[in-house]
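Undergrad: Spelled out from the first residue to the last, the chains are:
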Amino acid sequence: MTERFVKIYPRFERFWHWTQMALIFVLMFTGLAVTGLNGLMPFGPAVMLHIVAALALIVLWVFAIFWHITTGTWVHYVPTTKGLFKVARFYAWGIFKGEKHPYRKAYWRKHNPLQALTYLALKLVLFPAIWVTGVIYLTYNFWDSSVPNATLWLTIVANLHLLAGFAIAAFVLAHVYLLTVGGSFRAHVRPMVTGFDKVDLTPEEESYLEQDEPVRIR
Amino acid sequence: MPTRVLTAVAVSLLLGASGALSQEGSAPVISGEGSTADHSKFKILQKEFTSGPEVTEACVSCHTEADDQVMHSIHFTWEFEHPGTGQLLGKRNVINAFCGNVAGNEPRCTSCHAGYGWDDMSQTPQQEAVTPDCLVCHDRSGEYTKTATGAGMPPLDPVKPGTKTITGAEAWPVDLSKAAQSVGMPGRENCGQCHFYGGGGDNVKHGDLSSVLFNPSRDVDVHMSPEGANMVCSDCHVSDQHSWAGSRYDVMAADTKGPGMPHERRDVATCQSCHGTAPHPATLKGVKLNDHTDKLACQTCHIPEFARGGVATKMEWDWSTAGKMGEDGKPLSVEDYTQGDGKHRHTYLATKGDFVWEENVAPIYEWFNGQVEYTLGDETIDPSKVVEVNRITGDPGDGGSRIWPFKRLDGRQAYDAGLNRLAYSHVWGPTTDSAFWTNFDWSKAIEAGMKAAGAEYSGEYGFVDTHMSWPITHMVAPAEEALDCAECHAADGRMAGIDGVYMPGRAPFSMAGVLGLALVAATALALGIHALGRIFTGKNGDAS
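Chains as they are written, first to last, in the working numbering: chain A, 26 to 243; chain B, 2 to 545.
Some hints could be false.
What the simulated footprint calls covered on chain B by chain A, stretch by stretch (three residues with Cβ under 8 Å from a Cβ of chain A suffice, anywhere in the stretch; the number is not a length) [what the hints assert, rightly or not]:
#1 482-495
#2 501-515
The calculated BS3-like cross-link candidates involving lysine-lysine, where the alpha carbons are at most 30 Å apart (straight line), are [as the list claims (entries may be wrong)]:
#3 135/A to 32/A
#4 540/B to 125/A
#5 92/B to 165/B
#6 540/B to 223/A
#7 540/B to 135/A
#8 325/B to 386/B
#9 135/A to 107/A
#10 122/A to 111/A
#11 122/A to 540/B
#12 223/A to 148/A
#13 223/A to 111/A
#14 165/B to 331/B
#15 130/A to 148/A
#16 122/A to 107/A
#17 540/B to 111/A
#18 161/B to 344/B
#19 107/A to 540/B
#20 540/B to 130/A
#21 92/B to 161/B
#22 331/B to 445/B
#23 148/A to 107/A
Listed below are several chain B residues computed to face chain A (Cβ distance under 8 Å; list not exhaustive) [unchecked claim]:
#24 286
#25 289
#26 292
#27 295
#28 518
#29 525
#30 538
#31 540
Keep in mind the hints are simulated off the structure, nothing from the lab. Heads up, the beta-carbon is just placed ideally off N, CA and C, and yes, glycines get one too.
Bound conformation, chain B alone (with noise of 0.2 Å):
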């Protein structure tokens, strides 16, 4: 179980320093660093629990506007009305170009959902009448996990054998009790066990949160390291009433109001919040940075490469490969990458196709506004060109844009060639006979996703090429390992295709240059003329 042990290591650091560390079998002394309440004190949570569901019941006797709170979250209804474009999005509606869709595919998909037991995208979890997770963000023995196919579920007594957790991990019987007494603030492991995990695999989506983040050394992540601030998920992405900021479908991509007075910003997430709005020393040369903060996200320079710490990231995603067997007429896989700790990881996959990982990358740059416009499964494509599922916005001009690092996942993916749209499929699903993961039939799989999203199709399918760009924010490194200047202000530097700007050193050979070289050269030519003459003729004029 060695994400368990991991867990617990990362726990037993983060508790270590209040002497809060839990024995094994025991509920910890005191839940929650300097708490006015230990919760195993609670006559209420005293008693053995026999489902989730039971655990919350238990938490809402007491707090009792919790569930409403979370069931208005984005991490309960999975759902969001984007301000700016008016699209729906979130889990429930969007297309993406790893795992695709979650419609048809829910108890697999929504084992990461804050509640239990949502098992239908075309019903809100309020219809389907599921609780609200507590102990997913708040248990903070270590104890809790959620079984990997169970709508939210978390593993019980009796396990069956094989049954995997949300991370991979080979599941163990939870002790709901245990769990219960021990609830805190959320540390990085509660929001980790999804977060981390985006995409079916550590660092698969994301590319700056991956399980290293868990414990990482100051390089990797200067804030979270415990060698650094030590700072866990939620010191940042500060909540009002369980609603979290830091949006990723609707991002502050420019902040220049700054922290505020003194707690007052609960709304956001930016690095300005904290740090300002002109964040650099008042030196020469920090004067001289903070003047490129109306260009630049401070995530540009100061994340200079994603995927850092040993933990790859899926850059490009081939599903069209998927369904290969081997030669002993199994589903065929391949682990032919070795990331930098040592582990493998699959380079192909006949549930689905081709991988290639990478680490230690540097972004794309893209100017961004904060919108993200996706490729929803009504919209048409031109499957000629490369579709991408959500389109990065922003103009030099507009003043609320700024220069932003982002991953950009390579995708091929299907769609409706009847319709030209993109296509849901059925993945997930062990008894039926159309999930492709167990059948490998992509007519069948895509039909019967297309049917759980309730979305028309043709009959016909193909595979498209796709992008999906997600900003980096996360592991950013100390300040000395910075991008250096010349890594932009160069000819072929990292601003290379940025317009919009004018940067000194990117294009040595402009107008100016050539005609400025052209004139010294000019100079120098006549001086070598007039030399040449005087050594000619023997003659040096008397010019005192």
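Looking at chain A on its own, in the form it has when it is part of the complex (with noise of 0.2 Å):
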């Protein structure tokens, strides 16, 4: 086993995640502003910079649930209950003791399992959540005179649409501490800059990557 660096990071994917990043702290700024708890942003610029944010958003997504289908790269947030207990107990316990991070990145899996997990949570719980949600409430003018009691739906999923952005908020700050878990902060942030990670090779894949692959490896 060698440690290499290997780009696992595509450009797109570094794309996706950085716009990503910058379109929800847009969302979460103007939609605290549409919620009443951020007076830094008028109520009428911060709505129409919501439903732009969040309708690019929703479009950024539709590329990226295209990409993850068509070069496969979904296969990385399959759960796996291999090594999450021992990576659980790490963050928990065994990093107060100073122990090595249990798991080892390989090229075809970038993600430990309890990232994996969370991943896949956000992709299937709460981005739906807060997208379903979002494209009721914009869109109330279209099915309030069809529905029964709609001020009521429209408050009940308003509230969900609230709920939802708080828990992306809540991911969001654990996302960015645990950067600063294990190395620098800097270290943890440069691969979805530059896409080169440093990663456990086998021989066999190493000299797959250097003759079949030589740009995706350094």
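Each chain sits in its own coordinate frame; assemble them with the hints.
TA: Now the structure itself:
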């Protein structure tokens, strides 16, 4: 086994990640203004920007879903219990004893089991929850006349949207915090900028990459 | 004669464009812009008229059906049977929180009647053979007016010194011939001389109808301003056979039909009948604003404040304090309010009690289905509560209601304390020994008022707190001055008391808001403890 820098985040994935990050920040900032918890932006412009950013994010997601399916990248998010407990134990306990992180990145499996499970939950639960409630909320005037108690339903949908937004904010907090765990913040962010991360390779993988995909390995 | 000058200015502004401005002392060359008939050329009008009804007689010799049409309109009958509630309304029947009631005070109140000589409310104007007044609406010379206390008659030569017109100006002898030769379609000064002075003075009653509208700046009224659309009242209040659209008793609170075919709609004065049902531009913001039309009346955003432009409106009127005499033994009068145009307004009058004036007033908001129910003279009231003189009805769930802006007068007025009913009072009557404004004796004034109205009276009276609500629909501001989103979408915003809607921004700390904040706070706390653990142990796992 050797540790090499391998390109595991292709250009589209990095574009997706950072565009999504920017849009989520815009959405949180404007969303808090719309809710009345952020006085830094007036209500009207906040609503407009929130809608534009949300529509942009939905378009981005459509492309990202397409990309995950066509490139097969979705397999990175298939949940596994193998090593899950070890990683959880590390963050809860081992880290304070100076233990080494139990997971070694492979170039075909770039997330640790806990990370993969978290991202999967984010993509299958929270993101759909926020955009489904958001779209229902946004299109209120198309369905209010055909749904009984439309105002009550709108209230429920809007509150679920709000809760999903706060849950995503909680994820962002944890996500950013974990960048400070084990190694420097910069070292953790760099792979998502350059695309290259330190990965354990078997001799076969290493020679395959060097011969067939030389641009992916440094 | 400031009002007369003002009227002349308004007329000249209106007619100036067509060059039809009349010279002092001569009838206008062309009566009415673009009219096919120059009434000054009509032989029948080229004579000395000695009374108003004589002019009407000349009018109907050509306009054979006009008098019949007018006599069926609310301008003449002062009566309105509400199709929804069945209540018999109209000035002839209702009691309001301002000047109270017409019955018993006829020649003063009927000075603004569209007829000549109606002086008994117990009789219909037809029963009294009252002749319709054509000139009050159709005089375009600015020459015509009505005497303040003359049951609709104009001041004619010789005018008794001290006589006032219906706008409160010093009366002048009206040249009926000149007025008759000038006739045309009604201008704002025709409608305004009565409707801008409701409740006994400029803008007293409505709040959104004042003398400012004779010549408003664009920011006061984008439709009526010469810098704006320069429209007149009847451009919106369209008519059909002398019957006008735009009832305050039976309001079309939600118009989902829009303009219809060109010139189709002669029955409504709604914003939508010109602007359509999706009036905002096809931008993201415009679409979002159009989304509001299922809940809000246009007026709610587009009339951010009423009583704009320098003329105040009465917001409180307490009749119970009336009757105080000054140190000189004469009826007390206090002018303690100076409005935007510099004019002083009475804050106390021995004849009327205490008033509170306000300008640039933010309306109150209510769900409104267009129906107004009056507390009529035969209805039992609960004097321990504030009596709604006219109840605004509406429900968020009925589909036909919208959130409307209102002026609400806080009143205190006489009631029959034995029968618990609103009281009629006889206030005007310089020669009677019972009129309040002459004798300052409520027991006599109420007894006489009840008698005039044909109402039973227990003999005991008191004063009760009342509310009276007026839908706000005039003084539409330019689009750029419409209410900002945050005026309502905020905690304690303008819609704070409105139920039946979900409004983002109104309740930052709703259950979901608090739960969400708690979730974020708990996460931050957990991460903080984790970080402290790392700092305390000095260890940092190699999480590569």
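Undergrad: For each hint, tell me whether it holds in the structure or not.
TA: Here is how each hint holds up against the structure:
1. 482-495: holds (count 6)
2. 501-515: holds (count 12)
3. 135/A to 32/A: Measuring from Cα to Cα gives roughly 10 Å; hence the hint holds.
4. 540/B to 125/A: Holds - the C-alpha atoms of residue 125/A and residue 540/B are around 10 Å apart, at most 30 Å.
5. 92/B to 165/B: Holds, because 22 Å separates the two Cα atoms, which is no more than 30 Å.
6. 540/B to 223/A: Holds, at roughly 22 Å.
7. 540/B to 135/A: The hint holds at about 25 Å.
8. 325/B to 386/B: Given that 30 Å is the threshold and the Cα spacing comes to 26 Å, the pair holds.
9. 135/A to 107/A: Measuring from Cα to Cα gives roughly 15 Å; hence the hint holds.
10. 122/A to 111/A: holds (14 Å)
11. 122/A to 540/B: holds (6 Å)
12. 223/A to 148/A: Holds. Residue 223/A to residue 148/A sits at ~25 Å (cutoff 30 Å).
13. 223/A to 111/A: It holds: about 21 Å lies between the C-alpha atoms, which stays within 30 Å.
14. 165/B to 331/B: Answer holds: residue 165/B to residue 331/B is near 21 Å, not above 30 Å.
15. 130/A to 148/A: holds (21 Å)
16. 122/A to 107/A: Within the cut-off at roughly 23 Å; holds.
17. 540/B to 111/A: Distance of about 18 Å is within 30 Å: holds.
18. 161/B to 344/B: holds (26 Å)
19. 107/A to 540/B: Holds. Residue 107/A to residue 540/B sits at ~26 Å (cutoff 30 Å).
20. 540/B to 130/A: With Cα atoms ~22 Å apart, residue 540/B and residue 130/A stay inside 30 Å; holds.
21. 92/B to 161/B: Within the cut-off at roughly 29 Å; holds.
22. 331/B to 445/B: holds (20 Å)
23. 148/A to 107/A: holds (21 Å)
24. 286: Holds: closest Cβ of chain A sits about 6 Å from residue 286/B, inside 8 Å.
25. 289: holds (7 Å)
26. 292: holds (4 Å)
27. 295: holds (7 Å)
28. 518: Holds: closest Cβ of chain A sits about 7 Å from residue 518/B, inside 8 Å.
29. 525: With Cβ-Cβ at 6 Å, under 8 Å, it holds.
30. 538: Since the shortest Cβ distance to chain A is 4 Å, the answer is holds.
31. 540: This interface hint holds because 4 Å falls under the 8 Å limit.
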